[in-house]
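Novice: Given the sequences, and given the hints that come with them, work out the whole structure.
Number of protein chains: 2
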Amino acid sequence: MMSNVVFTNCVAETIDRIVSEANPSKVFVLVDENTMSAALPLMQEGSPAVSGATVITVKPGDENKNLESLSYIWKQLGDNGGTRHSMLINLGGGVVTDMGAFAASTFKRGIRFVNVPTSLLAAVDASVGGKTGINFNGLKNEIGAFKDADTVIVSSMFFNTLSATEMRSGYGEMLKHALIKGPEMLADLMRQDVLEVGRERMLDLLKENVGVKEEIVRQDPTEKGLRKALNLGHTTGHAFESLALRRESPIPHGYAVAYGLVVELILSVMKTGFPSETMRKIAGYIYENFRAFAVTCNDYDELIDFMRHDKKNVDVSTINFTLLKGVGEVALDSTATFDEIKAALDIYRDVMHLD
Amino acid sequence: MMSNVVFTNCVAETIDRIVSEANPSKVFVLVDENTMSAALPLMQEGSPAVSGATVITVKPGDENKNLESLSYIWKQLGDNGGTRHSMLINLGGGVVTDMGAFAASTFKRGIRFVNVPTSLLAAVDASVGGKTGINFNGLKNEIGAFKDADTVIVSSMFFNTLSATEMRSGYGEMLKHALIKGPEMLADLMRQDVLEVGRERMLDLLKENVGVKEEIVRQDPTEKGLRKALNLGHTTGHAFESLALRRESPIPHGYAVAYGLVVELILSVMKTGFPSETMRKIAGYIYENFRAFAVTCNDYDELIDFMRHDKKNVDVSTINFTLLKGVGEVALDSTATFDEIKAALDIYRDVMHLD
Chain A
1 MMSNVVFTNC VAETIDRIVS EANPSKVFVL VDENTMSAAL PLMQEGSPAV SGATVITVKP
61 GDENKNLESL SYIWKQLGDN GGTRHSMLIN LGGGVVTDMG AFAASTFKRG IRFVNVPTSL
121 LAAVDASVGG KTGINFNGLK NEIGAFKDAD TVIVSSMFFN TLSATEMRSG YGEMLKHALI
181 KGPEMLADLM RQDVLEVGRE RMLDLLKENV GVKEEIVRQD PTEKGLRKAL NLGHTTGHAF
241 ESLALRRESP IPHGYAVAYG LVVELILSVM KTGFPSETMR KIAGYIYENF RAFAVTCNDY
301 DELIDFMRHD KKNVDVSTIN FTLLKGVGEV ALDSTATFDE IKAALDIYRD VMHLD
Chain B
1 MMSNVVFTNC VAETIDRIVS EANPSKVFVL VDENTMSAAL PLMQEGSPAV SGATVITVKP
61 GDENKNLESL SYIWKQLGDN GGTRHSMLIN LGGGVVTDMG AFAASTFKRG IRFVNVPTSL
121 LAAVDASVGG KTGINFNGLK NEIGAFKDAD TVIVSSMFFN TLSATEMRSG YGEMLKHALI
181 KGPEMLADLM RQDVLEVGRE RMLDLLKENV GVKEEIVRQD PTEKGLRKAL NLGHTTGHAF
241 ESLALRRESP IPHGYAVAYG LVVELILSVM KTGFPSETMR KIAGYIYENF RAFAVTCNDY
301 DELIDFMRHD KKNVDVSTIN FTLLKGVGEV ALDSTATFDE IKAALDIYRD VMHLD
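First to last, the sequence lines map onto chains A and B.
Here the working numbering is used: the first residue of the first sequence is 1, the next is one more, and so on.
Here the working numbering is used: the first residue of the second sequence is 1, the next is one more, and so on.
Bear in mind the hints are in silico, worked out from the structure with no lab data behind them.
Since we're looking at a predicted model, the values are computed, not measured.
It is possible that some hints are incorrect.
If several chains are the same, the list does not tell them apart, and a pair holds so long as it fits within one copy or across any two.
[Stated by the list, open to error] Pairs of lysine-lysine, BS3-like flavour, derived with a Cα cap of 27 Å:
hint: 1; residue 1: 59; residue 2: 75
hint: 2; residue 1: 325; residue 2: 26
hint: 3; residue 1: 342; residue 2: 140
hint: 4; residue 1: 224; residue 2: 75
hint: 5; residue 1: 26; residue 2: 147
hint: 6; residue 1: 26; residue 2: 228
hint: 7; residue 1: 26; residue 2: 224
hint: 8; residue 1: 147; residue 2: 75
hint: 9; residue 1: 271; residue 2: 207
hint: 10; residue 1: 140; residue 2: 75
hint: 11; residue 1: 325; residue 2: 59
hint: 12; residue 1: 224; residue 2: 140
hint: 13; residue 1: 228; residue 2: 342
hint: 14; residue 1: 147; residue 2: 224
hint: 15; residue 1: 228; residue 2: 147
hint: 16; residue 1: 342; residue 2: 207
hint: 17; residue 1: 140; residue 2: 26
hint: 18; residue 1: 147; residue 2: 207
hint: 19; residue 1: 75; residue 2: 26
hint: 20; residue 1: 207; residue 2: 59
hint: 21; residue 1: 325; residue 2: 140
Specialist: Structure (structure tokens):
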């Protein structure tokens, strides 16, 4: 079961067509306080299905992707006449699509839902692949399920409300997909500045880029093997994110991934023969667009500790990574020792102009 | 994906074999306060896997099949070193198997779990079929998912701790399966008193009986068609249960199903040509073993109202039923008008010696 993914900037019309074909007993739209004002009115204007829907609004931000918000969504669905034949449209960034998808997957044991990501990051990362959930007990995505949306509508029409930081964050995940796919897609992305890409060109880029993830997820929906390719940059990226959080100065997910890519390309040079020149070129591009996440050698043990506790890690004395033999050539289930990781972090600090 | 169902009274040994094959990073056992004292020690004695496991205990009873208990289970899994490679063994009645299965399905987006039903009702009804969940917002099973256990261990070894009422309640669901399957299985059940069936004979009966449900669920896991056969007796049964609850004198689920079977066999006589003689014989057997749920004509409107709000109902002016043309011949998607239902309830009162 894979989602049907539609790439379009006629979002309201597409929602109407989907609702009309699905013929649900009732339509609900989930938004957060931001998309309620920035995206919902556009949809209500162009789509009778949306304007007739019951709107459920949650607070924005990852700190509200929690059991309290989830429970609120469930209650709103029930109190407003939701049945197992209802449909939920999730209109928002990753918080809304992840949490709304989980709410829909579990309300009356599952109702149909459509994801309409409004941020670049959610379009690239969160809306396809069936990972749904909430944060719980202090851990990200601790509770959730694998469940595909009926349809995902990928669009670039909402991006004009995003900040430069939000655009770059999404681009970090796009770079990851290009590194998995091959040199041509990577060159395409590195040729331009994400802030300068026009709306229709961005939709084309998204089509290619999300296609990489779609194809991988299709072959391995529950992450038994191949899907681990999508973890590229994430073992280190998550550790950077956690460290930043502990320092009380969080960094956007896609930035963390971009920095993580640099470290893991360095490990790829060390372990799997990835060309050093290519690594340096990509690191240069990332530095130019994302700057660097500052670490010193005093942070190494803490970073490795975060990696060891990653829910994907298996062993306790080494760390699992997805590495690359070259651009487009994935080396799944690679491992690195703590000493190798420390050496890679030394080189990271060097290529990213730290200290 | 269907569960592997094992019928055995060597439960501890079977758990050990399953755990050893699955090789989880950690084993958890979920019990309620009753099975903690009545069933867990037996398992701990016979199974190193269980005696080495972390035990999570919840309060017994349907009123505790709620978000608070679920959240407690999630937290215990996380706080005691649960990873996505852990395994949860649900040892208890329907509350434990339904809620534990849902907790496992959603912890870190799903860990493996084994259901070990300890009541006859859970063995027959709740442990096979992938329906997991909790009550929420005043509604039964409002939140949940379809998710199969890795293995279900069906056993009769725990039944000596059950009351006569609990045994009969399970037998109500067994009668339903026999009515769906055919005359031979039905005659087999009606030939004996559930309280007199020996342990090994009961295991044989369970094997045949659960096999009926297994086969139906295999063909239609998410209840798009054939699985509706399993709703036989339940449209009316749920209405009786709800009415009893409103009267603050709840009746056991399997009793409600047995009474519901009588009403729906009467509707089958009226609507689909089910033989009247057979209906009267079955009603007699049910009266003898379960007595009757008392209704008067003043209750009819309330009962119909409950049926209209059943999550399986589609239309508002008629009620959906699963009926029978004969024993073993299912008539899915039958409907009855309110007047027909009232006429059937009149006959129910007659055959069940009410008023």
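Novice: Could you run down the list of hints and mark each one as holding or not?
Specialist: Hints, verified against the model:
1. 59 <-> 75: both (16 Å within a copy, 24 Å between copies)
2. 325 <-> 26: Classified as neither: same-chain Cα gap 50 Å, cross-chain 34 Å, threshold 27 Å.
3. 342 <-> 140: This pair counts as within: shortest intra-copy Cα distance 25 Å, inter-copy 53 Å.
4. 224 <-> 75: Classified as between; 25 Å across copies, 34 Å inside a copy.
5. 26 <-> 147: both (21 Å within a copy, 25 Å between copies)
6. 26 <-> 228: between (37 Å within a copy, 23 Å between copies)
7. 26 <-> 224: Classified as between; 19 Å across copies, 36 Å inside a copy.
8. 147 <-> 75: both (21 Å within a copy, 22 Å between copies)
9. 271 <-> 207: neither (32 Å within a copy, 55 Å between copies)
10. 140 <-> 75: Both, since 23 Å and 13 Å are each at most 27 Å.
11. 325 <-> 59: Cα proximity of residue 325 and residue 59: none, with 43 Å in one copy and 53 Å across.
12. 224 <-> 140: within (20 Å within a copy, 34 Å between copies)
13. 228 <-> 342: Cα proximity of residue 228 and residue 342: one copy only (23 Å, versus 59 Å across).
14. 147 <-> 224: This pair counts as both: shortest intra-copy Cα distance 16 Å, inter-copy 18 Å.
15. 228 <-> 147: Result: close both inside a copy and across copies, 18 Å intra and 23 Å inter.
16. 342 <-> 207: neither (37 Å within a copy, 58 Å between copies)
17. 140 <-> 26: between (31 Å within a copy, 21 Å between copies)
18. 147 <-> 207: within (21 Å within a copy, 32 Å between copies)
19. 75 <-> 26: Within one copy only: 15 Å inside, 34 Å across.
20. 207 <-> 59: neither (30 Å within a copy, 50 Å between copies)
21. 325 <-> 140: neither (30 Å within a copy, 53 Å between copies)
Checked against the numbered hints given earlier, the structure breaks hints 2, 9, 11, 16, 20, 21 and satisfies all the rest.
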